[in-house]
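Colleague: Listed here are the chains, written in short residue letters.
Number of protein chains: 2
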Amino acid sequence: MSEPQISEQGALVLFSGGQDSTACLAWALERYARVETVGFDYGQRHAVELEARRAVRRRIAEAFPAWAARLGPDHELDLTAFGAIGETALTADRAIEVTERGLPSTFVPGRNLVFLTYAAALADRRGLKALVGGMCETDYSGYPDCRRDTLDAMQSALNLGMEQDFRIETPLMRLTKAQTWALAKALGGEALVAITVEDSHTCYLGDRTPHDWGKGCGACPACELRARGWAEWTAAGQAALAS
Amino acid sequence: MSEPQISEQGALVLFSGGQDSTACLAWALERYARVETVGFDYGQRHAVELEARRAVRRRIAEAFPAWAARLGPDHELDLTAFGAIGETALTADRAIEVTERGLPSTFVPGRNLVFLTYAAALADRRGLKALVGGMCETDYSGYPDCRRDTLDAMQSALNLGMEQDFRIETPLMRLTKAQTWALAKALGGEALVAITVEDSHTCYLGDRTPHDWGKGCGACPACELRARGWAEWTAAGQAALAS
Chain Y
113 MSEPQISEQG
123 ALVLFSGGQD
133 STACLAWALE
143 RYARVETVGF
153 DYGQRHAVEL
163 EARRAVRRRI
173 AEAFPAWAAR
183 LGPDHELDLT
193 AFGAIGETAL
203 TADRAIEVTE
213 RGLPSTFVPG
223 RNLVFLTYAA
233 ALADRRGLKA
243 LVGGMCETDY
253 SGYPDCRRDT
263 LDAMQSALNL
273 GMEQDFRIET
283 PLMRLTKAQT
293 WALAKALGGE
303 ALVAITVEDS
313 HTCYLGDRTP
323 HDWGKGCGAC
333 PACELRARGW
343 AEWTAAGQAA
353 LAS
Chain W
113 MSEPQISEQG
123 ALVLFSGGQD
133 STACLAWALE
143 RYARVETVGF
153 DYGQRHAVEL
163 EARRAVRRRI
173 AEAFPAWAAR
183 LGPDHELDLT
193 AFGAIGETAL
203 TADRAIEVTE
213 RGLPSTFVPG
223 RNLVFLTYAA
233 ALADRRGLKA
243 LVGGMCETDY
253 SGYPDCRRDT
263 LDAMQSALNL
273 GMEQDFRIET
283 PLMRLTKAQT
293 WALAKALGGE
303 ALVAITVEDS
313 HTCYLGDRTP
323 HDWGKGCGAC
333 PACELRARGW
343 AEWTAAGQAA
353 LAS
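Sequence lines, in order, name chains Y and W.
Sequential numbering from 113 applies to the first sequence in the working numbering.
Sequential numbering from 113 applies to the second sequence in the working numbering.
Derived from the structure by calculation, the hints contain no laboratory data.
All of these numbers come straight from a predicted model, not from anything done at the bench.
Hints should not be assumed to be uniformly reliable.
[Unchecked claim] In silico DMTMM-like links for lysine to aspartate or glutamate, alpha-carbon gap of 25 Å or less:
no. : chain 1 : residue 1 : chain 2 : residue 2
1   : W       : Lys241    : Y       : Glu199
2   : W       : Lys241    : Y       : Asp205
3   : W       : Lys241    : Y       : Asp264
4   : Y       : Lys241    : W       : Asp205
[Unchecked claim] Listed below are several chain W residues computed to face chain Y (Cβ distance under 8 Å; list not exhaustive):
no. : residue
5   : Ala173
6   : Gly195
7   : Arg238
8   : Ala242
9   : Ala265
10  : Gly273
11  : Met274
12  : Asp277
13  : Met285
We treat Cβ as the ideally placed atom computed from N, Cα and C, and that holds for glycine.
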């Protein structure tokens, strides 16, 4: 990878402490002079994600002094009330639709739109211009709020509604999970790969059983996706990111 | 006003219990076969707004049997965490900008974008298609998230992000406050005007001192706007809404 220019503008990274947002944090630290992180507590896996956020930030700061100088505070915002919309009774018609689409009845749509609106309000106060998130069309085609056209419309709404000039940046949008491992290595070498394996957290069940690709139950969809990406990447000899 | 067609679709009214959202509720009840309401607790004037919401809904149901048959449940969502972003420290540069723009340092931008995202997630679960809000360009030119172009972008983001076909309807967008009084009278006659005066709540201070135009402190910007609209409307002989 060619060395990117360091922008004097600041970035706010939507940072859950997972594999994807760890790669996004490194990507932003490579590009922006001032980087802050925000995490959302929406009532799921809260304690384990909070611990992963703290551990990844701490180890990145220890391993990469140039990045440590750019890394600003972490913010945590409470979104349990948004999660609670999932508890609202479905109408009878809607219940049938949800079943047909294969969604769990407590699924609340538009989560990324809420994350981005909160992040933008926070970025407004903190004077940060880039909103960096790990949304990805490649592996998660089922989530329409991860798609780039949704995010383009959201960027317009945020900029019109807040009289701002935010950019929603999604470095993983077109990457496979194997390519996300390759991106981590390109940005931070073996050290960042090790931090991602040992400290980031993705497992839906909050399990921290160690594997070569990370810690997790190994069986939930998030673990399966992560393990498959690792297997592809290692089978390819931990190749650099195909451009 | 000509009699509108009743749509079999449902509507969710963003309902704070104020003058504007009372008019919006009546407007929706005149048009939709099923109408639910949603209020947001963002840590300001909560108790008095909650009481206004309940009183307005109860009195409308008592006075208008046809509307009572269409009026579904009220929902309340907790947005105190969004309000709390106002407590986040401003950077020094941003503090100067905020002062220059004349905004209070605890002002959180984009409030209506958050309201709409939560409302859309709730409407998705409840099978409601219209999101009705009292946003208005006429009297509140200072709030960019009330403008129709912002709401058009937000409607696109919500529909793309939730694979939905919501419409954000803003019946007050081009009305003055005098015209909002006229709309209340056109929709519900003297009875709705009386409910608005006696039970709706707009005052920023939560004051309930009675006046001919409603209850409030009479001095805050919200009371001034409301009183001025009332004065204009009564000076015009409580004329019908100019079309």
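Colleague: Hold the hint about Gly273 (chain W) up to the distance rule: shortest CB distance to chain Y must be less than 8 Å.
Modeller: holds, 4 Å
Colleague: Classify the hint on Ala242 (chain W) as holds or violated, based on whether any CB of chain Y lies nearer than 8 Å to its CB.
Modeller: violated, 15 Å
Colleague: Does the CB of Ala173 (chain W) sit less than 8 Å away from some CB of chain Y?
Modeller: violated, 20 Å
Colleague: Any CB of chain Y closer than 8 Å to the CB of Ala265 (chain W)?
Modeller: Given a least distance of 4 Å, the restraint on Ala265 (chain W) holds.
Colleague: Hey, Lys241 (chain W) versus Asp205 (chain Y), does the alpha-carbon distance stay inside 25 Å?
Modeller: holds, 13 Å
Colleague: Hey, does the Asp277 (chain W) contact hint survive, CB to chain Y under 8 Å?
Modeller: violated, 13 Å
Colleague: Against chain Y, is Arg238 (chain W) within 8 Å by beta-carbon distance?
Modeller: Cβ of Arg238 (chain W) sits 6 Å from chain Y, so the hint holds.
Colleague: So, Met285 (chain W) near chain Y? Judge it on the closest CB pair being under 8 Å.
Modeller: violated, 15 Å
Colleague: Holds or violated: Lys241 (chain Y) with Asp205 (chain W), Cα cutoff 25 Å?
Modeller: Judged against 25 Å, a Cα distance of about 13 Å means the pair holds.
Colleague: Is the straight-line distance between the alpha-carbon of Lys241 (chain W) and that of Glu199 (chain Y) 25 Å or less?
Modeller: The hint holds at about 20 Å.
Colleague: Using Cβ atoms only, decide whether Gly195 (chain W) comes closer than 8 Å to chain Y, and label the hint accordingly.
Modeller: violated, 10 Å
Colleague: Would the hint on Met274 (chain W) be counted as holding, given a Cβ-Cβ threshold of 8 Å to chain Y?
Modeller: With a minimum Cβ separation of about 4 Å from chain Y (threshold 8 Å), the hint on Met274 (chain W) holds.
Hint compliance for this structure: hints 5, 6, 8, 12 and 13 are not met, and every other hint is.
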